[in-house]
Amino acid sequence: MLASIGFAVPGLLWALVALPALWLILRAVPPAPIRRRFPGVALLLGLKDDDHVSDRTPWWLLVLRILAVAAVILGLAGPVLNPDRTQAQGSGPVLILLDGGWAGAQDWAARLDTADRLLAQAGRDGRPAAVLRLTAPEPVEFLSADIWRARLPGLAPNPWTAAVLPTLPDGDFDTLWLADGLALPMQDDLLAALESRGRVQVYQGGRAPLALAPVVVEDGALRLTALRATAGDARTIGVSAMGLDPAGVQRALARIDLQFAAGDAQATVLLSLPAELRARVTRFEIEGIRSAGAVTLSDDSLRRREVALIAGRDDREGLELLSPLHYLRSALEPSVDLIEGALLDVLPANPDVIVLADVATLSGAEQEALLGWADKGGLLLRFAGPRLAASDVSRAEEDPLMPVRLRAGGRTVGGAMSWGAPKSVAPFTETSPLFGLAVPDDVAVTAQVMAQPDPTLAERVIAQLTDGTPLITRKRIGDGQVVLVHVTANAEWSTLPLSGLFVQLLERLAVSSATQRPAAEELTGTTWAPVEVLDAFGRVTAADTLPGVAGEALLTAALGPDLRPGLYRDDARVMARNVLVTSDPLAPAIWPARVPVVGMGGASEMPLAGWLLALALAALAVDVAATLALSGRLRLARAGILVLALLPALPGDALAQATAPADDKFTLLATAETVLAYVMTGDRPLDETSQLGLQGLSDVLFFRTSIEPAPPIGINLETDDLGLFPFIYWPVTEQQPTPSGEAYAKLNRYLRAGGMILFDTRDADVARFGGASPNGRKLRALAAPLDIPALEPLPDDHILTRTFYLLQDFPGRHISRDVWVEAAPADAEKIEGMPFRNLNDGVTPVIIGGNDWAAAWAADDRGNPVFPVGRGQTGERQRELAYRFGVNIVMHVLTGNYKSDQVHVPALLERLGQ
Amino acid sequence: MTDAALLHAMSDGSARLRARAEGEAARLPPLLARADQLAGTVLLGEHGRRRAGMGDDFWQYRPVQQGDSAAMIDWRRSARGDAQFVREREWQIAQSVMLWVDQAASMRFSSDPKIEPKADRARLLALAAAVLLVRGGERVGLTGTGLPPQRGRAQILRLAEMFSRDDAADYGVPEHRAMIPHARALFVSDFIGDITELKLALTKAADRGVRGVILQVLDPSEEAFPFAGRTIFESIGGTLAHETLKAGDLRSRYLDRLAARKDELATIARVTGWRFHTHHTGDSAQVALLWLWGAISGGTA
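First to last, the sequence lines map onto chains D and X. End of the first sequence sits at 914 in the numbering used here; the numbers just go up one at a time, nothing left out. End of the second sequence sits at 301 in the numbering used here; the numbers just go up one at a time, nothing left out.
Next up, chain D with everything else stripped away, as it sits in the complex:
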């Protein structure tokens, strides 16, 4: 080992002689003192050190330093570990034969290195040479080895195995055959032909070829099979399922280990993936192997249908059987994968069907996203309901996401207060996709939304009632469609969801199981266009210039220049052709005993200078830490050392940290403490008033309650994350810009998730709520795309009247009583002996009023009010009530219906003096 180390500059080694001198110098110098401010010094005065000898550098630190210097000297002397080898001699032309198939791709660089080494050897011996790839045979020309060495990097393997006997040149030549390790169909013939011209030597080595058989679905799981050419020792390989994540980034969505038992050439494992992930997987690949054989592409056959269920606003404590989604869930659960969540959250999962149960208003962004999704083939299934009937959606003109225009209010038949009997469903017509389904007698419709009789109505109806009114209508949007069922998805308006017809109907409309791979005879006559193909390294390349492939050939024909592994498309169907078609074992190449087989590669020279210098650096770093520790400065320097140590190691992370903090800082600021927020309107004085107002309210909360808010934050609806704030104050001005579609989507998500917005039109002195004041009109325009439930004037027993203070008035700078909140459910009843109705629901998502609360709350740094309120003592009382209203609101937001709980009634009654 030592004999194989040489030095580039041996003279430098004389410097080692100087090391003992360094030892003496280092020993003589004591560490420098630190100055430290410390009041306790008064108690130290007069204390003597036990040890009067000055602290010397300890011996082990000296050894460390000497070691570092020695390593530097050795490193600079340029030590090299360098074994040198030579090749066998010979004369005459040399043919270098490469298999060039996919199996060789995994060690292609090693193969090229070997070829380069052999060519260099041939060049030194003055022998002409030629290089031939069996997968892409070209006429052989013997040239100077240097020319071939220059051409080598341009040679690439092909994603198929060689099957054609190449034409060999005339005359004798020696052959150096760089084999892939897989048996070739014409291997014996070729070997015989080559041996008749000269000596043949085979280079075969590196890793045994690995391949992945096509993935099959088995009992809902995916069966992955990996094959290897030579059955060797036990080995574990990882297989990744690659695909686009919801953000559109290619990444490994899942990975699993496959274990080859010792002496086994095949390994199998079952991979169970959520359907959403499964639909996203585009390919499986063996980790760390770059070869087309280690990749298998997935196509339609792996997919299962995904259905997203979305209800307008769930009744949080409603009964299960009244839930608009209950029957849909029960009907669909066995056959498809259900996704539930906010609309914009499920859309990136790209479901096949989206069901909207009684969702009326969609924000601009949601509508746009839905249209885009439907245009690409999505099926949107909508159910009617009270919300849709009460809304203005598709009233005057047809909504893009509705098949028909609707008449106001819908109709009710067969109820207690209406004429006529409940209607039943008419048999389906021949043109309807539902034709053939039997209509049960017991399906009765008591209420429905009514379609306007437009010219297009007739062609869009696919089911109707016995009186001819449409029950189900449908419209095409690009590749997709929207279907509207004119009754509710629960049993409120009809008995349809209770009948078996409901399930059949859903099956006909939306549900279908995974598609089977077509059989060969089905494919006769079809032509499949390549969408993307693989190269030998398993990389996907575009296939624009490649010709189409006949269907029957696609399944079974051998791969070659005309049929490359890849994805092929015929109309809507997509089929994958992989390198391996079956999971038959791979056949290893077997060479007769007369042919010498040697491995590839060889040890190359290895400079050691870098390692030694790194060792010196590491020793010096340890020395820095040790020196600091000895002199007591380690605590101060710890942060610095940490940064120094991490900087070179994580340049990417450090950059990311440098660019990321703006966002994180805002998040931290907003979440470290409770923070009240206001919407910045762009009107500077108004924004300042909001800031001061919320500051005043925060101070009051701080002093009077256990809520201790941080200073308020102005938020930008477009850019900031609303979810961080429990409460948002939104003053309305005429001039403020209308938020974008994305901002409305965020706002809707915020409101649905339990946030609260206080809208303040600030004009209660001149206008009543609903009046046509400029701010009132602006408020309506602003709030139209928001998903706001029915409202009512704040009732006397609303929880806001008693969350902290007992209040009956809600003044700000103005004293209008018009404050609107979410309406109580119609069935809320007052129990005998209780002062309040039993209203056990959540936080009202909006409070709307015009009392200019922020101005009443506003206080400067010293707590003095900024704006006058009322006159004299009455005014101060009014301001106090305004503060109390603010306290109640924030308490309501943070504690929800806590005070609505009947447990508190006795205490409240006592305080009310009853």
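Hints should not be assumed to be uniformly reliable.
Residues of chain D placed beyond 12 angstroms of chain X at every Cβ, according to the derived structure [to be verified]:
| hint | residue |
| --- | --- |
| 1 | Ile-5 |
| 2 | His-326 |
| 3 | Met-402 |
| 4 | Ile-713 |
| 5 | Arg-877 |
The calculated lysine to aspartate or glutamate pairs, modelled on DMTMM-like cross-linking and capped at a C-alpha distance of 25 angstroms, are [to be verified]:
| hint | chain 1 | residue 1 | chain 2 | residue 2 |
| --- | --- | --- | --- | --- |
| 6 | D | Lys-899 | D | Asp-796 |
| 7 | X | Lys-262 | X | Glu-234 |
| 8 | D | Lys-48 | X | Asp-166 |
| 9 | D | Lys-475 | D | Asp-562 |
| 10 | X | Lys-262 | D | Asp-49 |
| 11 | D | Lys-48 | X | Asp-263 |
| 12 | D | Lys-48 | X | Asp-194 |
| 13 | X | Lys-199 | X | Asp-249 |
| 14 | D | Lys-48 | X | Asp-170 |
| 15 | X | Lys-204 | X | Glu-175 |
Because the hints were derived from the structure by calculation, they are not lab data. We put the CB at the ideal spot given by N, CA and C, even for glycine.
Chain X: place on chain D using the hints.
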């Protein structure tokens, strides 16, 4: 220099002074607000839930005596019989409480940016105690002649202003002149420097029947002495310095001296009838205030 330039320079100077004054004043409200809030937590714990409409504590009814004005008579009580009564409240005779808070340089020390300086904590505690005392009707002031004890909210403001003045000396010395006989006193300092003056002050106080509380405020590092290696220790003002080759070896002897100092303080306090407590800036101010409040009100009740 022309008159105009002189005027300009003068107005410039006064503007600077005002800006400085405003800067100084701006420090007051946060201290006041924190002290108020701290005081608020104690009242809650002491009195529990207060009923609306209740003012000062009722003590007893006593018959009207010579010299009582008609306005002092409680007519509701008196209407039940023939005699007239006066409603007496607790805390009718207010105590004077004198504060001394060490403003010296050593108090401006903090071992960690996350821990506030000792001076800040000392002022906060003293002011919060003052808020509580004033709320209880006591008269509060500073020792010495600077700010004699008075009652009322305005006194708190004056105290806060006095507390915002730093002292240039390295270690603080308690003021023992002009002590009001039979008053109460609260001394807050780190008591690390020379304590002969403190002994003198306490002896004088005991002579005049003044009793009170000594609160020692220490930084956590002053308790732990987490130093090692060759070090030159300097006082904050820079007047004292001590060099050592191995700071780690001094630790046990330093801690012994600190313990001796505390012991000494406790002994003086016991002898003169004062109360003594050590508070660390790393701990919650509320705990210290609770002790302080108990010690002071325990002494005055």
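Hint-by-hint comparison with the structure:
Against chain X, the non-interface label of Ile-5 (chain D) holds: every CB pair exceeds 12 angstroms, the least being about 42 angstroms. The claim that His-326 (chain D) lies off the interface holds: its Cβ sits roughly 47 angstroms from the closest Cβ of chain X, which is beyond the 12 angstroms cut-off. No beta-carbon of chain X comes within 12 angstroms of the beta-carbon of Met-402 (chain D); the shortest separation is about 57 angstroms. Non-interface status of Ile-713 (chain D) relative to chain X is upheld: no Cβ of that chain comes within 12 angstroms, the nearest being about 20 angstroms off.
Under the 12 angstroms C-beta cut-off, the non-interface status given to Arg-877 (chain D) relative to chain X holds; the minimum distance is some 15 angstroms. For the given pair, Lys-899 (chain D) sits about 14 angstroms from Asp-796 (chain D) by alpha-carbon distance, which is consistent with the 25 angstroms threshold. The hinted pair formed by Lys-262 (chain X) and Glu-234 (chain X) meets the criterion: a straight-line CA distance of about 22 angstroms does not exceed 25 angstroms. Straight-line distance between C-alpha atoms of Lys-48 (chain D) and Asp-166 (chain X) comes to about 33 angstroms, which puts the hinted pair past the 25 angstroms bound.
With a CA separation close to 42 angstroms, the supplied pair Lys-475 (chain D) and Asp-562 (chain D) exceeds the 25 angstroms bound. Restraint check: the Cα-Cα separation between Lys-262 (chain X) and Asp-49 (chain D) comes to about 24 angstroms, which is no more than 25 angstroms; the hinted pair holds. Of the pairs offered as hints, the one joining Lys-48 (chain D) and Asp-263 (chain X) holds, with about 23 angstroms between alpha carbons and a cut-off of 25 angstroms not exceeded. With a CA separation close to 20 angstroms, the supplied pair Lys-48 (chain D) and Asp-194 (chain X) stays within the 25 angstroms bound.
Under the criterion of a C-alpha separation no larger than 25 angstroms, the hint pairing Lys-199 (chain X) with Asp-249 (chain X) is inconsistent with the structure, at around 31 angstroms. Note on Lys-48 (chain D) and Asp-170 (chain X): the hinted pairing holds, with a Cα-Cα distance of about 23 angstroms set against a maximum of 25 angstroms. The hinted pair formed by Lys-204 (chain X) and Glu-175 (chain X) meets the criterion: a straight-line CA distance of about 11 angstroms does not exceed 25 angstroms.
The structure fails to meet hints 8, 9, 13 from the earlier list, while all remaining hints are met.
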